[in-house]
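Colleague: The chain contents come next:
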Amino acid sequence: MSRSGEAYAQELNRKRAANQRAAADEDNDENKGNGSKVAFGAAGNFDTDVYGSVRGESREMYMDSIGTGEEDDVDEDSMPTVQKKNVNYAQPHKFIEEVAASAEDTDPFADTRKQTIAERQSKYHERAMRRQISPDRVDAFVDQTPDHRNRDYAEVMRDQMYQVEKGQVEREMADRAKAGELHVTGQPEKKKGRWDAQESAAPDNLGAASATPSQGSAPRKRLGFASLSAEAATPRAARWDETPAHPTGAADATPSVDKWSSTPAAQTPRRNRWDETPKDGGLNDGSMTPGWGMETPARGSDDVKIEDTPSASKRRSRWDLTPSQTPNVAAATPLHAGAQTPSFTPSHPSQTPIGAMTPGGATPIGTAAMGMKTPAPHMIPMTPEQMQIYRWEKEIDDRNRPLTDEELESLFPPGYKVLVPPMNYIPLRTPSRKLMATPTPMGGAAGGFFMPGTPDRDGVGEKGVGGLVDTQPKNAELPPLKPDDMQYFDKLLMDVDESQLTKEEKNEREIMEHLLKIKNGTPPMRKSGLRKITENARKYGAGPLFNQILPLLMSPSLEDQERHLMVKVIDRILYKLDDLVRPYVHKILVVIEPLLIDEDYYARVEGREIISNLAKAAGLATMISTMRPDIDNVDEYVRNTTARAFAVVASALGIPALLPFLKAVCKSKKSWQARHTGIKIVQQMAILMGCAVLPHLTALVEIVKDGLDDEQQKVRTITALCLAALAEASAPYGIEAFDSVLKPLWKGIRMHRGKGLAAFLKAIGYLIPLMDAEYASYYTREVMLILIREFASPDEEMKKIVLKVVKQCCATDGVEPSYIRDEVLPSFFKAFWNQRMAMDRRNYRQLVDTTVEIAQKVGCVEMIARIVDDLKDENEQYRKMVMETIENIVALQGATDIDARLEEQLIDGLLYAFQEQTQEDSVMLDGFGTICSNLGRRAKAYIPQICGTILWRLNNKSAKVRQQAADLIARIAPVMHMCEEEKMMGHMGVVLYEYLGEEYPEVLGSILGALKAICNVIGMTKMTPPIKDLLPRLTPILKNRHEKVQENCIDLVGAIADRGSEFVSAREWMRICFELLELLKAHKKSIRRAAINTFGFIAKAIGPHDVLATLLNNLKVQERQLRVCTTVAIAIVSETCAPFTVLPAIMNEYRVPEINVQNGVLKALSFMFEYIGEMAKDYIYAVVPLLIDALMERDQVHRQIAVDAVAHLAIGVYGFGCEDALMHLLNYVWPNMLENSPHLIQRWVFACEGMRVSLGPIKVLQYCLQALWHPARKVREPVWKVFNNLILGSADALIAAYPRVENTPTNQYIRYELDYVL
Amino acid sequence: MALPGERFHVLAQLEHLQSKYTGTGHADMNRHEWVVNQHRDTRAFQMSHPGLNTMIAVVENESRARTRFNLINRMIQPCGPPPEKNPLDDV
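Residue numbers (my numbering), protein chains in the order written: chain S, 1 to 1318; chain Z, 1319 to 1409.
If you are wondering where the hints come from, they were derived from the structure by calculation, not from laboratory data.
Computed from a predicted structure; not experimentally measured.
Certain hints may be false.
What the hints assert, rightly or not - The calculated lysine-lysine pairs, modelled on DSS-like cross-linking and capped at a C-alpha distance of 25 Å, are: (1) Z/K1403 / S/K1274; (2) Z/K1338 / S/K576; (3) S/K527 / Z/K1338.
Starting from the given sequences, assemble the full structure and let the hints guide the process.
Modeller: Right, here's the structure in full:
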């Protein structure tokens, strides 16, 4: 079964892919197939290309090799910038990939599995994982000798300098190596440093690379240095994924040849450490031929050596310590087996080396390392992924193991016997387990739906990870661990005697328990964990807390939910810890800063919140001294996130506080990185704080303005972007502040090219709207020259910016239409109005906006005349762009300027574009509708033509065409009415009527919509077909279950009931009433509401009695939703037909001894009183006995509804002197305060609130005073709620009514002012 | 059946809403706090209605501004110091 299931899943995938391809191919054909079609009878020719134009012009777009799936691992430094390929042409590649993927292990459920954050992140985001959580820092504000282990500012800065210098040396070496100046022999004798050995390896690599030209162009400047930098040494999540850890799959998991084979051509662009490290030892002293191939044979013996290789990284990661091989490699190539043994720590003697265990797991890491004095009894550390896979395996094996006879006997009642299987039975021996690899949630893990477990057999399957590791902490109140949690929470798995722990250990354990509860627990567990950890935050101290929380946040298997919870914990404890947090600010920043650039909006907000709280807790000085070293960090990622964090600090502590610092940073002479980051901080501040920068605008501009003349291109660019952000934030004010930068900016656009120019143009674009007309016109002319030159730029980013700037320039007052018309428009249309611009979504949008803006200036005729012919373009996307532009222009400026000739062209184009459309969206329809309605009476001449098209298309075979035709009728019906084409509309009505048998619900819905539109404009009397024919035809359609049909149908019926009810017999209306009852169950609220309103109209038309009888009968049904809707309908009927027509009937119905009916009646009363408002004064005395009766009912729900009705009634009769009745009711309502049901209490509070309004607060206060000081809390509590409402609503009225409290010896409680008599 | 956490959700919200305003009370309030609120409400009322203010000014034989000032001052500990906290109260 599982096999066929998998096959089915793949088949589905293939079909979907094939559909997409087919759709894409169709587009292709349409685009370019027109010219090459062979006429009937003419001589044919062979296709020059089969895959579109791929083979013809652009051969390089063709994939000529099957990807090995390694692309993901390419370092971005070495990644060549690939032009984005046209999606259509990439199809064959996709196909190959799909086949390649399906050939190997695929998990058909891969899409449904919850992704961890690490999995969905981009390369850039992943760099967060490479930062290390730095050691604690000295808190300068504490008056004591700092712990020497903590780093102070000077030390951090020294380290920073060291990094910078190291980077420079590395770069220099790489450059020299590239230039070929560097040779192994020519290496000058340096002091033997740690990394000299590796540096000299670099030329070797490069030599190898240059020796094989087939290697291609990938730049490899990092080669030798990858292992040098500490960041790169940290294994990234992606690398772990490579570890194939399937014990049984080992045989076919032999590493792919290219990794190990000796052909140099097989080198992957990325060097991982496996490839590099041995070479240091092996290649340099041996001075073998530089080439990768030589290593492979030597591997077996090398492995042992690796452990000795001095790793350049400061932290020795797991990779450096263990033989770099995964066990299944060992299983596949037995000669490695020897190398495995020595690395086994003797502390695990009892463990049989199962294949799935990484020997490397024996190296303690992370928090696990802290607590590993004695190894945990049942614990074998694995990587989370290995653990996961192993667990699945084990679980599936356990579940699928055959039942033993004993088990069967225990299952079956006595009396069964074992039969011999039939002779021809062949058991199924091919269980493909792939489908079974469902990510079953861990037993007891939080969230999601749980399939109730099969009862355990012999306790198998109960024990967490396949019985191998017990994941249930010893404290049974804690949630079980997930496999990924092992390294953080393993201590909880050990049984310890609490009394023997030191205080620190005990605290650590407590924190761990709370964190586990928060991370994996159920919501109540989480709540209590969070509360406890917050309460005790100061007791635990900042260090122990953050030492546990921050590693969790850096975990590669973190999920969104978990991250959110951990961030929440940090947020809460920050408040408590306050200044204790200072030494840990940098650690926290390292973890939180990446949130600022997360793709998830909420993650960004959370990140901001934390950093701003952190800033408030730690203070400005600490923040600055902590983040200062990161400002000129060598890593761009660090600088980027730091700049954003600084912006948040500025918004938390105020811009003025940060200004002196920013000034210093932006003027830094030492490094351009500092200046760059400083200016970026200002930019981010502008983006983050918006118009709040206005008071400090001058200062900010002064700070950054020197960047425009910086010698570094990057600084100039960011300065321009910063000015753009400032101008955007401060618009429309503050041009004075920018005075000093105008000149350099305008000079800059003449001097720059490419990216720099784009940034400068952007800045100018945002500055121009700030200027007054005169200046704007002058500067626009200046910049226009450049813009027009850049119209031709092939760069996409430049195009977008140019379009944006043109839009901004044209929007200002000072620019004359004639100038735009003569100077800008010709080249504008030449450069931008082409098919290619329509292909990219963002270009499309920008171009439409810009063109509409220009049209505002030069008039609609000018623009429409230029593009109207393109409505007949062969490219649909382009036609759509034209249509949208014209629609927007016409909607803004009307069609009065359009002359007869243009009008003709326009309609012609509209009809063409409308008929040719294949995609399903509303652009064409909206455009048609807008343009026609703006033309108004002038459209009369074209109506016959349009209607002809519509009628013809209504008859089309394709459902979509019919639907569009019907939709178009709905759009242009008002115009036809305006043109007095009533005859034509009548004709349309008849045709549509005939099509009511339509079988596609989408189309039927549209047809009903069209009928509704016609009906609405020509009125019920003139409607053809006559209403009396139309309505009976609609009645059966009401049964249709499709939402679109239901909605349109009920709307139409409602409109008829409202305005044309006299055309239809009462009997027909009754029939419709029955159908309407069904619609009360609809999921969509608008349908239910329309149905209820229709009840009202029908009741008005034929009198309430029959409708009411139907509705009251409906109260007897079981379905709750139906009853609720019925009560609403009854209330509506009584509102439209006046309550006296309905009230007797429903009060009579209350005598039916059936609780549902009685509840329904009460509910109807409640809704009715809500709707009729003050009309209730005439009926209050009539219903009081009924309500009293209901309030004495035993059933709680019954009383609840009655109390609700009383509340609405009370509010309705405010000011009509019905206090006697209300007081009577209150006496019956009041005792309900002791009920437990929160719903009832809520209604009761509401009713008391109603009484406060109508009966007066003093009366209610007197009721309250009886119970406010009652000895029983249960009595006091609800009454205080009411009392508080009294205070909030009418505090003044109460002061005369408070009881007189006698004085005590110490206190004077009497309000003597009240005793004054004059 | 609703979860235990949700059971008092709406009411908890109401309680939270009410607790944001001064003058509101709760089931654990003592007489002193309650009466202090009444005093303050009363004086604020008398002070802010010119008619009442004038009446009290005449009775006390003070100017209206002085009366107003007095009334405001009387809002500071209007009933004297709060009673000593009885350790049994918390039990």
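Colleague: Let me make sure I understand: some of the numbered hints might not hold for this structure. Which ones are they, in numerical order?
Modeller: When the structure is compared with the hints, none of them turns out to be violated.
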